[in-house]
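Q: Chain residues, written in single-letter form:
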Amino acid sequence: MPAFYLIVITLGAFYLGYRFYSRYLAERVYALDPNFKTPSHEFSDGVDFVPTNKHILLGHHFTAVAGAAPIVGPAIAVYWGWLPAIAWVILGTIFGAGVHDFGAIVTSARNRGQNIGTLSGKVISARASTLFLLIIFFLLTLVNAVFGVVMAILFEAHPGSVIPAVIVIPIAMCIGQWVYRMKGAVLIPSIIGLILLYAAIPIGQMYPIHVDGLAHLVGLSVRTTWVILIFAYTWFASRLPVWLLLQPRDYINGQQLLVALAVIFAGVIVGWDQITAPAVNHVAEGTRQWFPYLFITIACGAISGFHSLVASGTTSKQIDKETDARYIGYCGALGEGSLALAAILACTAGLGSAADWNTAYSSFGAASGGALGHFVNGVGHFLANLGIDAQLGASFAVVVVVTFAGTTMDTGVRLQRYILEEIAELAGFRALVGKTTILTTLAVLIPLALALVPGGNGAGGKGFAFGQLWTLFGTTNQLTAGLALSVISVWVMSRNRNPLAAIVPLTFLLFMTSWALVLNLVSFLKEGSWMLLIMDAGIAVLTAWLIVEAVTALNRQRGERRAEVPSEA
Amino acid sequence: MSIGTGHRLILVREQDAQHSGSGCCGRLGEAHTDLGGAADYAHSRAVMESVGMVYRRLRDAAPGLVIDVVDPRNTIWLYPAVWRASRRAGRGVGASLKSLSRAGAAAAIVLDGEVLYSGALPAPETIVAAVMAQLHDSRAA
Chain D
83 MPAFYLIVIT
93 LGAFYLGYRF
103 YSRYLAERVY
113 ALDPNFKTPS
123 HEFSDGVDFV
133 PTNKHILLGH
143 HFTAVAGAAP
153 IVGPAIAVYW
163 GWLPAIAWVI
173 LGTIFGAGVH
183 DFGAIVTSAR
193 NRGQNIGTLS
203 GKVISARAST
213 LFLLIIFFLL
223 TLVNAVFGVV
233 MAILFEAHPG
243 SVIPAVIVIP
253 IAMCIGQWVY
263 RMKGAVLIPS
273 IIGLILLYAA
283 IPIGQMYPIH
293 VDGLAHLVGL
303 SVRTTWVILI
313 FAYTWFASRL
323 PVWLLLQPRD
333 YINGQQLLVA
343 LAVIFAGVIV
353 GWDQITAPAV
363 NHVAEGTRQW
373 FPYLFITIAC
383 GAISGFHSLV
393 ASGTTSKQID
403 KETDARYIGY
413 CGALGEGSLA
423 LAAILACTAG
433 LGSAADWNTA
443 YSSFGAASGG
453 ALGHFVNGVG
463 HFLANLGIDA
473 QLGASFAVVV
483 VVTFAGTTMD
493 TGVRLQRYIL
503 EEIAELAGFR
513 ALVGKTTILT
523 TLAVLIPLAL
533 ALVPGGNGAG
543 GKGFAFGQLW
553 TLFGTTNQLT
563 AGLALSVISV
573 WVMSRNRNPL
583 AAIVPLTFLL
593 FMTSWALVLN
603 LVSFLKEGSW
613 MLLIMDAGIA
623 VLTAWLIVEA
633 VTALNRQRGE
643 RRAEVPSEA
Chain B
12 MSIGTGHRLI
22 LVREQDAQHS
32 GSGCCGRLGE
42 AHTDLGGAAD
52 YAHSRAVMES
62 VGMVYRRLRD
72 AAPGLVIDVV
82 DPRNTIWLYP
92 AVWRASRRAG
102 RGVGASLKSL
112 SRAGAAAAIV
122 LDGEVLYSGA
132 LPAPETIVAA
142 VMAQLHDSRA
152 A
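Protein chains in written order, with our numbering: chain D, 83 to 651; chain B, 12 to 152.
If you are wondering where the hints come from, they were derived from the structure by calculation, not from laboratory data.
Keep in mind the model is a prediction, meaning the values are calculated, not measured.
Don't be surprised by glycine CBs; every beta carbon is placed ideally from N, CA and C.
Misleading hints may appear alongside valid ones.
Stated by the list, open to error - One side of the interface only, derived from the structure: several residues of chain B facing chain D at Cβ under 10 Å:
hint: 1; residue: GLU25
hint: 2; residue: MET59
hint: 3; residue: LEU89
hint: 4; residue: TYR90
hint: 5; residue: GLY105
hint: 6; residue: ALA144
Build the full structure now, drawing on both the sequences and the hints.
A: See the structure below:
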């Protein structure tokens, strides 16, 4: 089947989802009121609360939620075939992410623009705030671990991409100086930065950077050496002022995202590539099956709990009219689904013949360990359709992923530092509070230890447990979504509306998450993977806790409804 | 007709949602600053608050004026909007291109496609006075 048909089918389904299902949500579930005074008007201050045109706000919301994660999950999940992957992206986006992102904006807007952490404490129970903090701790640990491995895998497989990926740092620092110190405009410098970055790609091809010598010297594998170097970089980067590196990097990332999406879709259309992956890949008994693993492998791109943090943290404070939440929340989710579609296209139509695909996806270990490599090669193929050398195209894709992953780690380590400080304060370890160096070191060492857990299907059996880590990340992300959907469900019930639209994805996610966690526990126990076992057990406890909190809150709300005490938020 | 009717002001400044870059996996929204990240972004916050003062004063002084607050990273909306407004106001291609090049700064004030300030902003009252003067001039014309 031509890959273009998949674009038409997916975007067509997204259109129908927006046209009909989001209207149902707006009118029947969330009961949007165009006359409701939104927080942006009630607390209008021009700073946090600003009534904002819906097209502008969609731009802010989408660039805040779009990133590298919707690429990695689908690139692994096509292991079970393109059909389950695209079906979950379509259904998850329309019936999960759309409900979740849209609902998080509305619920927050109806509660004075409070964020989902505060709301969970208010709507579910006071304990839920602690639960939220712990889920975020696990989530950030896993984010940092998986992105560290992602970058190491790509640098090892594509040493030609190291120079352009490193060049981003001085370019971003120059832009930072120009924008924040010299107060210059950013359009031309960021375009020049992007051109310099792309100009560095052929230079990187000419001078590939290998760390084999260093690895040999310290007695580690190349990949382990890269992981350690990347985390060392992150330690320093997260200590720098944000204006110097982190913020200006985002000016480049935003433009890269648009360029990457444009070239992928243009490459598919121009090349008229066929999908060579099987619709359903029947994997061997006793190995990871798509039920339930598909639903935690693709989190971002189908439904991501992280979106509720953006939706309730900032977007809800800026919606002009409550009815705008439909366009912004639902279309933001569809945009993220489109990124997942691009990743699926690259990994099912960009890898060559069916035999090539079967080799690339011969096992779950090969699929997960090689996922980013498959995506990168697929994008290289699409760029070749546009007349650009495939190797250069692959390097371009590596640079896109690495710049996103690097910025994510920089932010993730910073956030983890704050959370560790918060947890230390809650736990009474006052000695840690304010100790930035110790907290940063802990924020680096915890995910580093996790990133170096052996397993998977690497060369000589020395790969990392990347696939397992990724699914644990997906599980935690779905838990965050579960927490947000619980808040949304209770709020919808409190308005005497039918909450099924939120309860169905909530139940589905918690069921799949619990199932996968139990399977993982058994598997880690058999393998003796103690670190993964502890992590999995910790997440399982949080899941059980969340289920108890959600059921209790929903029952309490149902009791209030029966007692006929309707309350308008 | 109230002052500012038919005119559009774009206040360009960074937003909390865009601060930490890299997509949703590195963002905690408002929870981020609750947890202690506020100091990291104090420089951006200072600009946000300064532009916020301009916003509030102009909203009161020119009720007919359409005011949009936009992050400079929102390229898909910002640059076409500045270009359209500049051309609609009758400026030539060269002047409109110049507006484009100056509009995307960490802070900028753009009235009807013309960039009044870019980068280092003066005191809010100076900006308000400049915008009001422009609006009165165009009314008189």
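Q: Does each hint hold? Answer for all of them.
A: Right, here's what the structure says about each hint:
The interface hint given for B:GLU25 holds, since its Cβ lies 8 Å from the closest Cβ of chain D, which is under the 10 Å cut-off. With a least beta-carbon distance of about 5 Å to chain D, the hint placing B:MET59 at the interface is held under the 10 Å criterion. Of the supplied interface hints, the one on B:LEU89 holds, with its beta-carbon coming within about 8 Å of a beta-carbon of chain D, less than 10 Å. The beta carbon of B:TYR90 is positioned within 10 Å of a beta carbon in chain D (closest approach about 7 Å), and the interface hint is therefore held.
With its C-beta approaching chain D no nearer than about 15 Å, B:GLY105 sits outside the 10 Å limit, and its interface hint is violated. Residue-level restraint check for B:ALA144 is violated (minimum Cβ-Cβ distance to chain D is 21 Å; threshold 10 Å).
Checked against the numbered hints given earlier, the structure breaks hints 5 and 6 and satisfies all the rest.
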